[in-house]
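In case you want the letters, here they are:
Number of protein chains: 2
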Amino acid sequence: MAILFKNVTAVLMDPAHTVLEGAYVAVEGRTIDSVGVTRPAGSFDREIDGRGGILMPGLVNAHTHVPMTAMRGYGDGHNLQDWLNDFIFPVESRWDDRAVAACTSLGLMEMIASGTTCIADMYMRTGVIAQAAADAGISANLSCGGVFFGEDFSPAVCVDCANETELADRWHGHDHGRIQIDASLHAEYTSKPGLWEWTADFAKSRGLGMHVHISETKREHEECRARWGNTPIQTLAKYGVFDVRAIAAHCVWTEPEDWAVMAEKGISAVHNPVSNLKLGSGVAPIPDLRKAGVNVALGTDGVSSNNATDLFADLKIAAILQNGVRCDPLALNAWDALEMATVNGARALGRNTGVIEAGRDADLILLDAEAPNLTPCHDAANNLAYAAHGGNVILNMCRGKVIYENGEFRTIDAEKVRREVLDYAVPVLFGRN
Amino acid sequence: MAILFKNVTAVLMDPAHTVLEGAYVAVEGRTIDSVGVTRPAGSFDREIDGRGGILMPGLVNAHTHVPMTAMRGYGDGHNLQDWLNDFIFPVESRWDDRAVAACTSLGLMEMIASGTTCIADMYMRTGVIAQAAADAGISANLSCGGVFFGEDFSPAVCVDCANETELADRWHGHDHGRIQIDASLHAEYTSKPGLWEWTADFAKSRGLGMHVHISETKREHEECRARWGNTPIQTLAKYGVFDVRAIAAHCVWTEPEDWAVMAEKGISAVHNPVSNLKLGSGVAPIPDLRKAGVNVALGTDGVSSNNATDLFADLKIAAILQNGVRCDPLALNAWDALEMATVNGARALGRNTGVIEAGRDADLILLDAEAPNLTPCHDAANNLAYAAHGGNVILNMCRGKVIYENGEFRTIDAEKVRREVLDYAVPVLFGRN
Chain A
2 MAILFKNVTA
12 VLMDPAHTVL
22 EGAYVAVEGR
32 TIDSVGVTRP
42 AGSFDREIDG
52 RGGILMPGLV
62 NAHTHVPMTA
72 MRGYGDGHNL
82 QDWLNDFIFP
92 VESRWDDRAV
102 AACTSLGLME
112 MIASGTTCIA
122 DMYMRTGVIA
132 QAAADAGISA
142 NLSCGGVFFG
152 EDFSPAVCVD
162 CANETELADR
172 WHGHDHGRIQ
182 IDASLHAEYT
192 SKPGLWEWTA
202 DFAKSRGLGM
212 HVHISETKRE
222 HEECRARWGN
232 TPIQTLAKYG
242 VFDVRAIAAH
252 CVWTEPEDWA
262 VMAEKGISAV
272 HNPVSNLKLG
282 SGVAPIPDLR
292 KAGVNVALGT
302 DGVSSNNATD
312 LFADLKIAAI
322 LQNGVRCDPL
332 ALNAWDALEM
342 ATVNGARALG
352 RNTGVIEAGR
362 DADLILLDAE
372 APNLTPCHDA
382 ANNLAYAAHG
392 GNVILNMCRG
402 KVIYENGEFR
412 TIDAEKVRRE
422 VLDYAVPVLF
432 GRN
Chain B
2 MAILFKNVTA
12 VLMDPAHTVL
22 EGAYVAVEGR
32 TIDSVGVTRP
42 AGSFDREIDG
52 RGGILMPGLV
62 NAHTHVPMTA
72 MRGYGDGHNL
82 QDWLNDFIFP
92 VESRWDDRAV
102 AACTSLGLME
112 MIASGTTCIA
122 DMYMRTGVIA
132 QAAADAGISA
142 NLSCGGVFFG
152 EDFSPAVCVD
162 CANETELADR
172 WHGHDHGRIQ
182 IDASLHAEYT
192 SKPGLWEWTA
202 DFAKSRGLGM
212 HVHISETKRE
222 HEECRARWGN
232 TPIQTLAKYG
242 VFDVRAIAAH
252 CVWTEPEDWA
262 VMAEKGISAV
272 HNPVSNLKLG
282 SGVAPIPDLR
292 KAGVNVALGT
302 DGVSSNNATD
312 LFADLKIAAI
322 LQNGVRCDPL
332 ALNAWDALEM
342 ATVNGARALG
352 RNTGVIEAGR
362 DADLILLDAE
372 APNLTPCHDA
382 ANNLAYAAHG
392 GNVILNMCRG
402 KVIYENGEFR
412 TIDAEKVRRE
422 VLDYAVPVLF
432 GRN
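Quick mapping for you: the protein sequence lines, in order, are chains A and B. To convert, count from 1 in the first sequence and add 1; that's the working numbering. To convert, count from 1 in the second sequence and add 1; that's the working numbering.
I should point out that these hints are in silico values taken from the structure, not numbers from a laboratory. Be a bit skeptical, because a hint or two may be false.
No copy labels: a pair is met if it fits in one copy or bridges any two.
[As the list claims (entries may be wrong)] Keeping only pairs whose Cα atoms sit at most 30 Å apart, straight-line, the calculated BS3-like set for lysine-lysine is:
(1) 219 / 292
(2) 219 / 417
(3) 7 / 417
(4) 219 / 266
(5) 292 / 417
(6) 417 / 193
(7) 266 / 239
Using the sequences and the accompanying hints, generate a full structural model.
Right under this line is the structure:
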């Protein structure tokens with residue numbers, strides 16, 4: 002299918018920070034075919050007149066746990082340990098596939114409606130998540146977050162080794178690579194060297210990326226040091242965990258030596274500012290990571306600790322937070338934050354997206370720039386970074402397919418998902434009606 | 002006019018944190034008439050079936066500069082001094098009444114659409130702002146932010162003394178008190194003791210409140226100490242400036258002695274977390290202020306340093322920011338943030354609003370709680386504080402009058418305002434078309 006966007010302000014997210022007024026962006030099949038200010042030749046199955054609208058690459062949510070949308074605001078107001086032990090873990094013990102499917106679809110609805118086209122997820126029952134993402138039309142890097150608490154590791158006794166293998170066999174590369182599987186470790190403190198080695202080898206042998214939680218809390222970071230004599234990044238690096246494209250989520254307590262390793266190995270940091278603030282984990286040293294040459298992407302983390310997935314809200318917080326805590330109004334600017342949420346995320350996930358350019362995946366979102374909160378517009382990037390919210394998104398295209406438009410979902414039966422969450426998943430998980 | 006809200010989840014914002022399911026809230030004229038879970042007697046001119054919706058008090062934006070909506074994102078990416086001198090001040094020198102009227106209306110549209118029913122504003126050409134607020138139907142405490150840079154103060158040579166007087170004469174108490182005038186000083190560093198004394202006396206003699214910027218930046222705070230041997234709060238307090246109901250905006254660098262004075266005199270602090278972060282001013286010590294007994298309200302500050310006025314976004318940031326910078330997940334909770342944005346704001350402004358209770362002003366907003374980002378709902382307050390955004394607001398009632406519903410403004414001609422901003426104000430202010 003050939004689609005033409007016309008009369009849009011196109012924020013390309015290229016290195017030159019090009020903003021094209023009165024732009025035409027042509028999409029052919031799954032791919033962007035041309036970008037310019039003159040009408041391209043040829044005819045189109047559909048022409049979308051975006052007059053007054055801003056077209057930009059779809060947002061990349063580079064670290065999340067989509068099914069946890071079920072726990073939005075559940076058990077809030079307790080300390081981290083009580084929250085996990087008394088609220089989150091008991092609920093997680095009650096998951097079944099049907100509940101995961103429903104809550105994943107609900108979470109994807111929120112993301113799609115607010116402009117996300119690509120995610121990196123880590124959660125259990127990952128095959129169910131893969132099916133929901135495949136059906137929703139969104140691009141997803143999925144991982145199961147391997148854990149191993151025993152003493153004597155072997156792939157035969159580690160359930161997550163079987164899970165990883167089955168997941169990669171079934172889903173990696175699905176629909177021309179729209180669904181990808183990343184190898185993964187939940188974290189240093191929830192696994193052992195045997196699993197680290199197995200996972201590193203598995204990723205290398207299958208050509209997969211890697212997704213790990215790193216130094217989210219001070220306690221985690223310091224206990225790793227006490228246990229292994231080194232930080233989580235450096236400890237896992239020694240086992241080859243980061244010898245493939247890798248996502249390190251959080252990185253709040255990483256240190257200069259960590260940043261050097263990350264830059265050298267090309268490990269992407271995923272900043273989750275809202276979750277880190279809400280849970281009292283701290284403020285990640287984003288300007289330092291960037292200065293050290295680390296690719297920094299952006300994530301919402303799970304809804305259980307955010308409690309939303311409107312990435313426009315999170316990119317604004319990312320943009321202003323460093324200025325405030327460093328008392329430096331120039332610590333991060335609008336483009337820095339937008340890059341984190343688009344092109345840097347694409348790089349972190351190994352995706353050919355995040356930029357409006359011929360040959361890239363046609364992951365595009367259109368915003369109503371005539372909304373009061375986007376008027377006037379002295380600088381489109383600035384309005385996107387600081388003034389926009391997810392409600393300004395009027396169209397979401399993933400890989401050339403419009404999956405959301407003017408409040409309507411094209412791939413998800415919103416009312417059915419809502420009923421399935423409220424009538425099935427919530428009673429199963431929380432024992433309530 | 003009698004209006005009945007029925008079948009709503011009513012978040013009352015009373016001290017008991019009552020959330021009524023299946024509630025009825027009756028409005029008679031400008032006032033809430035009854036609140037309960039059974040249908041009140043009598044007939045109504047209109048019944049609003051809020052099934053699936055959350056009804057809460059309208060939000061109070063307790064510190065803003067509405068006409069600065071014109072400068073959304075203008076001159077961003079420069080340090081504070083360059084930003085003010087090279088961008089903001091030159092634009093401000095070009096204001097005329099017509100441009101102020103247009104940009105005020107635009108700013109109010111954004112606020113109304115995102116759930117604000119009451120504001121405290123400080124800006125020049127205040128009478129024009131008063132007319133726009135009166136027309137829009139919103140409640141407003143307005144002030145002109147008195148400055149005096151000369152050496153020999155007398156009311157006769159200080160333009161702002163005339164402005165304050167004229168403003169109070171014309172507008173204070175307009176429309177049954179919907180428009181109120183506060184006496185004001187822009188700040189300690191932009192005025193002199195003569196004006197402080199005059200303004201304090203003026204407020205007392207006229208029965209007005211007071212609105213002042215306090216300790217926004219470290220430099221301002223320390224230079225005041227060097228100049229007067231004391232902090233801004235304590236310096237101005239000695240001249241009687243806070244002997245009336247008073248709003249102290251920012252308070253980022255206030256100290257324990259300041260908090261004691263504020264608690265004793267009943268001075269409300271207005272937290273502006275987004276502006277303080279974005280400009281690199283710092284993080285206000287909100288838990289300490291609260292612990293000291295200071296009433297803490299919430300503001301967006303001007304759009305020029307936010308760059309939006311969706312108070313739901315700002316209350317989320319307020320709620321999570323303290324947790325993060327203090328590494329304490331319990332530093333502030335959902336109710337704390339909601340109180341700042343409603344009942345505490347009402348108290349700061351001397352308004353009979355911010356709570357759903359018989360006898361209060363009927364300032365009410367209805368949110369679509371079936372939106373994906375508010376599903377599921379384990380705790381309505383939690384969803385409001387952390388998951389809601391302004392786009393969830395489907396109805397805004399100020400003093401018993403519906404001024405916004407389902408995307409339509411009832412008191413403002415949105416397209417006319419938009420054209421006036423783009424075709425008149427922007428060219429006048431920025432020399433562009």
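Checked hints:
no.	hint	in the structure
1	219 / 292	both (22 Å within a copy, 26 Å between copies)
2	219 / 417	neither (42 Å within a copy, 54 Å between copies)
3	7 / 417	between (34 Å within a copy, 26 Å between copies)
4	219 / 266	within (23 Å within a copy, 40 Å between copies)
5	292 / 417	neither (47 Å within a copy, 47 Å between copies)
6	417 / 193	neither (42 Å within a copy, 65 Å between copies)
7	266 / 239	within (12 Å within a copy, 61 Å between copies)
Consistency with the previously given hints fails for numbers 2, 5, 6, ordered from lowest to highest.
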